[in-house]
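Novice: Line order of the protein sequences matches chains L and E. Position one of the first sequence corresponds to residue 498 (my numbering), numbered consecutively onward. Position one of the second sequence corresponds to residue 375 (my numbering), numbered consecutively onward.
The set of hints was computed from the structure by calculation and includes no laboratory data. Hints may be right or wrong, so weigh each one.
Label pairs and their in silico Cβ distance ranges [what the hints assert, rightly or not]:
#, chain 1, residue 1, chain 2, residue 2, range
1, E, 476, L, 507, 16 to 26 Å
2, L, 498, E, 386, 48 to 58 Å
3, E, 494, L, 754, 53 to 63 Å
4, E, 494, L, 864, 36 to 46 Å
5, L, 498, E, 419, 37 to 47 Å
6, L, 785, E, 476, 56 to 66 Å
For glycine and all other residues, C-beta sits at the position ideal for the given N, C-alpha and C.
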Amino acid sequence: MRWLLLKDLQILRRSPLLVGLLVVYPVVIAVLIGLALSAGPDKPKVAFANLVPRGESEITIGGERLDAASYAGRLFESVDPIRVDSRAEAVATVRSGEALAALIVPEDATQRLQGTLNLSGGPPPTLEVIYSARDPVKRRFVQAAIESRLAAANQALSERLTRIAARYISIIARGGELSLLGQKVDVLGLQRSADVLGAVIDGLPADSPQRTALEQVRRFAQLAGDNLDVSRPILGSIGRPVAVSETVLEGRRAPLDSFAAAVAVTVSLMFVTLLLAAGMLALEREENAFGRLVRGLVSRASLLAEKIGLAALCSFAVTVVMLAGLAAFLRLDFSRAPLWLAALAAGALAFAAMGVAIGGLAREVRAASLLAFLLALPVAFLALVPAGSVADPLYDVIEVVSGAFPFKPALRALDAAINGGSLAAPLAHLAALTAAFAVLARIALRRFG
Amino acid sequence: MAATGTAAPALEAEAVTKTYGDRRALQDVSFSAAAGELIAVTGPNGAGKTTLLQILAGVLAPTGGRVSRAPRDIGWVPQEPALYRKLSVAENLRLFARLERVGDVDATVHRMLEETRLADRAGEEVGRLSGGNRQRLNIALGLLAAPPVLLLDEPSSSLDPRQRERLWAYVGGLAAGGTTVVFSTHDVAEAERYAHRLLVLADGALLFTGTPAELERAVRADSHGAGPDDFEAAFVRFLHERGH
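Produce the entire structure from the sequences given, and follow the hints as far as they go.
Specialist: Structural data, given as structure tokens:
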């Protein structure tokens with residue numbers, strides 16, 4: 498068997514273009530997938546036309562001045578603004594494809610907001626959003642980004658207004674200084690009013706006819722003061738009625754970067770191993786050597802074992818180097834390296850067994866390579882479908898399909914090896930798949946004769 | 375000429391049968407070959423020639439019957455060269471010599487390079503060789519373990535006339551040295567010229583076994599003495615008279 502292994506390594510050494518492609522292509526794909534997973538979506542370009550006249554973006558509430566334009570910054574957390582001067586220019590920018598959407602703040606926006614806050618009637622300000630329908634996926638993404646940012650800006654403004662209202666209520670309840678038309682006014686407050694009234698009542702004769710009426714007013718002032726004081730935290734909760742507490746189950750938090758590294762390495766492992774195993778087995782038949790080999794020189798089982806070993810060895814070496822490089826960049830914990838090696842070795846063997854099954858079924862190198870690609874891509878994509886993103890019955894089907902191929906358990910094993918978690922279950926899964934695909938490959942070899 | 379007489383046959387096939395579903399590719403084919411005998415298996419296309427040789431070589435398992443020798447004792451030269459194109463001539467020889475577990479690998483490789491006159495091409499990748507040189511290497515691989523029996527499936531089909539002459543001179547030399555050679559061919563003239571004995575197959579059945587002269591005599595007998603002028607015509611008439 499070792500002579501066959503050496504022969505295959507010799508053949509690979511003499512096919513530098515093939516080997517180069519076999520290594521570079523999956524590594525490029527893997528790195529792109531890793532970047533896409535770890536970097537998140539880029540900010541979409543949005544044309545922004547603020548038609549409110551310069552210097553008129555402030556509103557006044559209770560003597561305080563707020564600059565509404567400062568809340569626009571919230572919008573730009575998720576979009577890349579292209580500032581334009583008119584609605585027509587904004588529409589043209591979207592039409593030309595330079596921007597995916599346009600956001601227009603009308604010139605009366607501040608006036609309308611002031612009117613709403615003064616309870617003087619009239620509709621609230623309305624921002625105009627224009628989308629391009631050219632790419633429905635991008636449109637959906639931009640729409641979601643703008644809507645969520647507008648909601649955040651609305652909430653921030655609402656919280657600020659609520660804080661101001663709460664301060665006024667506090668002055669009415671407890672007393673204090675109020676700024677009104679540029680003048681400082683000292684407000685007595687309901688609680689101090691009750692105290693003043695109490696002192697007045699105490700100074701009246703016991704049979705004074707004014708005592709009962711004054712006592713009623715003092716009790717009202719006391720009651721109103723106490724209740725308004727309680728209303729401040731209630732108002733605070735209106736600004737943010739629901740708070741969110743985040744908890745990650747399963748006792749660990751895998752950083753997105755290191756999970757992306759696991760995905761990238763598993764994708765490379767899959768492509769290199771599948772293509773090598775499938776191609777090298779099919780090559781034995783294409784070179785007509787299979788018949789010569791199995792008539793007493795090498796058993797069919799040994800031939801399969803050699804191809805599995807060859808593909809697993811090569812892909813293991815490539816992905817160990819790749820993972821070590823990623824680990825240096827991502828500062829992964831090198832003390833877990835033995836676990837990485839175990840996960841990569843188990844994954845490589847399972848993919849290699851699947852590869853020889855593909856090679857046995859396809860029988861020709863080109864057909865085997867094509868079949869390997871056709872199987873590998875959907876298997877990888879299915880394994881990356883997150884739970885809850887599709888209907889439950891469909892997800893169950895996806896789980897079963899993913900479980901029948903090595904990608905998902907290999908990813909779980911590598912993720913556990915890198916980020917922590919139990920390795921036993923995915924390794925056992927991979928061992929079972931290795932055995933199952935090896936048996937399938939042995940059956941498929943009957944078609945080789 | 376072949377060694378004959380009472381010596382034990384070098385190769386025996388007994389009631390060899392091969393079926394694929396309902397189709398019978400070979401039906402109860404039996405024959406024996408003596409040491410140094412050169413036997414041609416011939417017949418029309420689809421007669422079962424390659425199937426018979428593959429069963430004798432151990433590449434195919436028969437549905438029924440038996441072959442006297444184990445595959446390891448038989449040299450096998452398939453119709454399509456079974457070589458690794460990315461390896462050199464010497465590397466192919468060395469690989470198969472190791473797999474055949476021959477005693478002295480380097481000496482064996484050297485001997486085969488000399489015998490096949492490929493010594494000056496030893497380092498060349500097989501993918502760059504001509505069809506004739508590939509076939510010579512293909513035959514050399516079948517002879518690495520110096521087997522007592524050599525099976526050649528259509529060995530001259532990809533060769534030009536000059537290369538054929540060299541091939542048959544070489545094969546004749548092997549037979550003269552005691553190697554039993556069984557080859558398949560659809561070239562009747564080649565079978566007549568080089569074989570000591572013919573096995574004529576048609577539709578998987580063995581119709582005739584004997585020398586070319588015996589086949590011609592059989593045709594003349596069927597035609598009441600007025601036989602065809604040449605062997606090829608006699609062969610065609612032989613098949614025709616038996617419904618093929």
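Novice: Each hint: holds or not?
Specialist: A quick look at each hint next to the structure:
Range check, residue 476(E) to residue 507(L): about 20 Å between beta-carbon atoms, so the 16 to 26 Å window is met. A hinted range of 48 to 58 Å is violated for the C-beta pair residue 498(L) and residue 386(E), which are about 33 Å apart. Separated by about 59 Å at the C-beta atoms, residue 494(E) and residue 754(L) satisfy the suggested range of 53 to 63 Å. Checked against the hint of 36 to 46 Å, the pair residue 494(E) and residue 864(L) passes, with Cβ atoms roughly 38 Å apart.
Separated by about 38 Å at the C-beta atoms, residue 498(L) and residue 419(E) satisfy the suggested range of 37 to 47 Å. In this structure, residue 785(L) and residue 476(E) break the distance hint of 56 to 66 Å, their C-beta atoms being roughly 21 Å apart.
The earlier numbered hints that this structure contradicts are 2, 6.
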